[in-house]
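2 protein chains.
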Amino acid sequence: MPDTKQQAPKIAVVMAGGRGTRFWPRSRSSRPKQFLSIVGEGTLLHQTVARLDGHFRPEHIFVVTTAELAEETRRMLPEIPAANVIVEPEGRNTAPCLALALVEIERRVPGGVMVVLSADHWIGDPDLFIEDVETAVKHAAWERELVVFGIRPTYPETGYGYIEAEGQGPVLRVKAFREKPPMDQAIQYLASGRHFWNAGLFVWTLQDFRAELTRHAPAVLAPLDAWVAAGADPESLAEAYGQLPEVAIDVALMEKAEGVAVVPTRFRWSDVGSWPAALEFHEPDADGNVVKGEAILLETRDSAFFGGKRLIAASGVSDLIVVDDEDALLICHRDKAQSVKKIVERLKAEGREDLL
Amino acid sequence: MPDTKQQAPKIAVVMAGGRGTRFWPRSRSSRPKQFLSIVGEGTLLHQTVARLDGHFRPEHIFVVTTAELAEETRRMLPEIPAANVIVEPEGRNTAPCLALALVEIERRVPGGVMVVLSADHWIGDPDLFIEDVETAVKHAAWERELVVFGIRPTYPETGYGYIEAEGQGPVLRVKAFREKPPMDQAIQYLASGRHFWNAGLFVWTLQDFRAELTRHAPAVLAPLDAWVAAGADPESLAEAYGQLPEVAIDVALMEKAEGVAVVPTRFRWSDVGSWPAALEFHEPDADGNVVKGEAILLETRDSAFFGGKRLIAASGVSDLIVVDDEDALLICHRDKAQSVKKIVERLKAEGREDLL
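Residue numbers (the numbering used here), protein chains in the order written: chain A, 186 to 541; chain B, 186 to 541.
Hints were generated in silico from the structure; no laboratory data involved. Take these hints with a grain of salt, some might be off.
Because identical chains share one entry, a pair is satisfied inside a single copy or across any pair of copies.
Claimed, not checked - In silico lysine-lysine, DSSO-like type, Cα no more than 30 Å apart, as pairs:
#1 Lys360 to Lys526
#2 Lys360 to Lys533
#3 Lys477 to Lys494
#4 Lys441 to Lys527
#5 Lys365 to Lys526
#6 Lys533 to Lys441
#7 Lys365 to Lys533
#8 Lys477 to Lys533
#9 Lys360 to Lys527
#10 Lys494 to Lys441
#11 Lys441 to Lys526
#12 Lys494 to Lys365
#13 Lys360 to Lys477
#14 Lys365 to Lys441
#15 Lys441 to Lys477
#16 Lys360 to Lys494
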C-alpha cells in the first residue's frame with residue numbers, strides 16, 4: 186500500500202457553524218458550544234484544531250463557520266491562516282456547508298483527502314483518534330470510497346442516527362444508515378455489535394466527494410460551481426448559497442451513496458449535548474459535587490456549579506445544575522436539563538434577544 | 186388626665202445601628218437589614234420613620250446609628266434634620282446606644298417622652314401602632330413609669346425573650362422578664378395569655394430614664410455625663426463611649442427596674458429575622474413561588490427568587506430560596522436558611538471582607 190500522506194494532501198474540514206442553545210446561559214447565538222470551555226482545556230473549537238497538530242499542516246486545516254462567528258473563530262485559531270476560515274453566508278445545514286468547503290478547497294489544495302470533523306465534539310485518546318483518521322484517510326485515498334466514522338455505542342441512545350455495518354477488520358462496509366431508533370430498537374443495536382453511532386464525521390477524496398455529490402445531490406453543488414465559474418466573487422456568494430437546499434449531508438448523500446465504508450472508532454467520543462453530558466467530564470468531589478469557580482457548599486450533594494465571576498453559596502440542596510452567567514442564572518434539577526431548550530424558546534417568544 | 190402631648194414633647198428614638206448578616210448576600214456590613222427593601226415599600230428604616238409621620242414632629246425624631254452607616258442613614262431620611270442622626274462611635278449594644286441618645290436629646294428637647302423603636306422591624310396596622318404608642322406615652326408621662334411593649338405571641342418562638350404580665354386593661358404590670366425559653370416552655374407561654382414577646386420597644390420620660398439608669402446602671406451613664414460636662418466635644422466621644430459596658434438595655438436596666446408597665450400591642454409585628462420570615466410578607470403565586478425581579482420558572486414549586494439585575498431561569502426545583510446579588514449568589518433549601526450565618530462565618534474566616 187503506498188503512503189497516501191505523500192500521494193494526497195490530507196485536509197481537515199472542521200464544521201464550526203453550530204448555534205446550539207443547550208448550554209444556555211453559557212452558550213448564546215454569538216457564543217455557541219464550540220466557543221465554550223466546558224470540557225477539557227480550552228474551547229472545544231480550539232481542542233478540535235489542536236488535536237490535529239503535528240498531523241495536518243496548518244494551511245491544510247479549514248474551518249467552516251457563519252459570518253456572525255467568523256471573526257471570533259479566526260481570533261481563537263491563530264495557528265491556521267485567516268483565509269482558511271471559510272465563511273458561510275448563512276447556516277444551511279451540513280450538505281451546503283461541505284459543498285462550499287469542497288469548491289473552496291479544491292481550488293487551493295487540489296487532489297486532497299478531506300477529513301470532516303465537528304468543532305463541538307469532545308474526543309478522548311488523541312493518539313487513537315489520529316490512528317483512526319489515518320486508517321480512514323488511507324482507505325478513502327486508496328479504495329476511493331466515501332468513509333464514515335462509526336462510534337461504538339456505550340448505551341442505548343435514542344437521539345442519534347445509527348450505522349449498520351457488515352464485514353470484518355478495521356474498515357467495515359455500511360449496510361444501512363438507520364434513523365434515530367425507539368428505545369427497544371436502540372437496545373438491540375447496542376447488543377448487536379454491528380451498529381454504530383453516526384457522529385457526522387467523514388473522510389473522502391475531494392474528487393470522490395465531487396463525483397458523489399454530482400450523482401446524488403447535484404442541487405447542492407451546481408449553484409456553487411456556477412459561482413466559481415463566474416469568478417467566485419465573495420459579494421455574490423450569498424446569492425448562490427441561498428439557492429442550495431437546506432439539507433444534511435447524511436440525507437443528501439450518505440444514505441444514497443453505494444459502497445460506503447465505515448471505520449469503527451477506538452477513541453472515546455462525546456457530542457457534549459447537554460449540561461449533564463458535560464458533567465461527566467468532571468470528577469465530582471466526595472459529596473458528588475462539581476464546582477467550576479468559587480463556591481461555599483454546606484450540606485450540598487450531587488450538584489454542579491458552573492460559576493461566573495461571583496461567589497456561589499449553597500446550603501441544603503441536591504441534584505442541581507447551577508450555571509451563573511453575567512446576565513442570566515440557570516438553576517435546574519439535573520434530570521430536567523432538557524428544559525433549557527424550553528427556557529430558550531420562552532426567551533425567544535418574549536423577544537429577549539439580549540439573552541439569546 | 187391632662188393632654189400629655191402638650192405637656193411633654195414626644196420623641197422617637199430609632200435604633201438603627203444593626204449589622205445583621207442573616208440576609209446575606211443582600212445584607213452586608215455596609216448594607217444591613219434596615220437599609221433593605223425586602224418587606225413592604227421602601228427600606229425598613231424608611232418605613233420606620235414614615236410610620237411616625239403626622240404624629241411626631243420631624244425634629245423630634247432621632248436615629249442612632251454607627252459612624253459607618255451614618256451618611257447613608259441621613260441620605261435615606263431627608264425628612265428629619267441631619268443633626269438628628271446621632272452617631273455611635275462604635276456599636277456597644279443597646280444600653281450605651283440609648284444612654285447616648287438620652288444625653289444628646291435631653292440637651293435638645295428637655296422634658297420629653299422617649300419612644301424607643303427599632304429600624305429593622307416590620308409593623309402592620311400603622312394606625313393601631315400609633316394608638317398603642319399613644320397609650321404608652323400617656324402612661325409613661327402620667328404614671329412616671331418605664332413602659333415596655335409586649336408583642337402577643339402567635340407561635341411558640343424560642344428565640345425571643347418574654348415578658349410575663351399581670352393585671353388588666355390596656356396597660357399591664359411586668360411580673361418578670363423571662364429568658365429565651367425551651368420549646369415546651371414557649372408552648373406554655375403561648376397558651377398562658379400572660380406572656381408577651383419582648384421586642385425591645387420602650388417608652389419613658391427622659392427624666393425617668395436618667396433616674397433609673399443612675400440607679401441601676403450608673404456605669405452606662407457616668408462617662409457620658411462626664412463627656413457632656415467637659416463640653417461634649419465630638420472628637421472625644423469615642424473615648425467616653427469606649428468606657429461604657431457593652432450590654433443590652435434589658436439586662437442593664439429593665440430586668441432590675443421595679444414597677445415596669447407593659448402595653449400589649451395590637452399591631453402586627455415581625456423582626457424579619459431571616460429569609461423565610463421575609464417570605465411570609467410576599468403572596469406566593471399558584472405554585473407557591475415568590476419572585477422579586479425577572480424569572481422564568483418551569484416545574485418549580487414553593488421557592489423564592491430574590492433577583493438582582495439578571496434573569497433567573499429555574500426548572501424542576503422546589504423549596505429553594507435563591508438570592509441573586511451583584512457579587513454573590515445564595516441557593517438555599519428553605520429549611521436551611523439559618524445556614525446563612527455559617528456561610529458568613531466561613532467568609533469571615535477566609536478573609537473575604539469584600540463579600541461581608
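Now for the hints, and whether the structure bears them out:
Proximity of Lys360 to Lys526 under the C-alpha cut-off of 30 Å is found in neither arrangement, the shortest distances being 34 Å within a copy and 64 Å between copies. Taking the shortest alpha-carbon separations for Lys360 and Lys533, neither the intra-copy value of 41 Å nor the inter-copy value of 65 Å comes in at or below 30 Å. In this homomeric assembly, Lys477 and Lys494 come within 30 Å of each other (Cα to Cα) both inside a single copy, at 11 Å, and across copies, at 22 Å. Proximity of Lys441 and Lys527 under a CA criterion of 30 Å is satisfied in neither setting, with 35 Å inside one chain copy and 64 Å between copies.
With identical chains, the CA atoms of Lys365 and Lys526 are at most 30 Å apart within one copy only, with a shortest distance of 20 Å there and 51 Å across copies. Proximity of Lys533 and Lys441 under a CA criterion of 30 Å is satisfied in neither setting, with 36 Å inside one chain copy and 67 Å between copies. Taking the closest pair of Cα atoms, Lys365 and Lys533 come within 30 Å of each other only inside a single copy of the chain (28 Å); across copies the shortest separation is 54 Å, beyond that limit. When the C-alpha separation of Lys477 and Lys533 is checked against a cutoff of 30 Å, the pair qualifies both within a copy, at 28 Å, and between copies, at 22 Å.
For a Cα distance limit of 30 Å, the shortest separation of Lys360 from Lys527 qualifies neither inside one copy, at 37 Å, nor across copies, at 62 Å. Taking the closest pair of Cα atoms, Lys494 and Lys441 never come within 30 Å of each other, the shortest separation being 50 Å inside a single copy and 52 Å across copies. For the identical chains of this complex, Lys441 and Lys526 are neighbours neither inside a copy (32 Å) nor across copies (66 Å), given an alpha-carbon limit of 30 Å. For the homomeric pair Lys494 and Lys365, neither the shortest alpha-carbon distance inside one copy (40 Å) nor that between copies (42 Å) is at most 30 Å.
Taking identical chains as interchangeable, the C-alpha atoms of Lys360 and Lys477 are never at most 30 Å apart, the minima being 44 Å within one chain and 58 Å between chains. Taking the shortest alpha-carbon separations for Lys365 and Lys441, only the intra-copy value of 17 Å comes in at or below 30 Å, while the best inter-copy value is 81 Å. Taking the closest pair of Cα atoms, Lys441 and Lys477 never come within 30 Å of each other, the shortest separation being 45 Å inside a single copy and 56 Å across copies. In the homo-oligomer, the alpha carbons of Lys360 and Lys494 never lie at most 30 Å apart, since the shortest distance is 51 Å inside one protomer and 55 Å across protomers.
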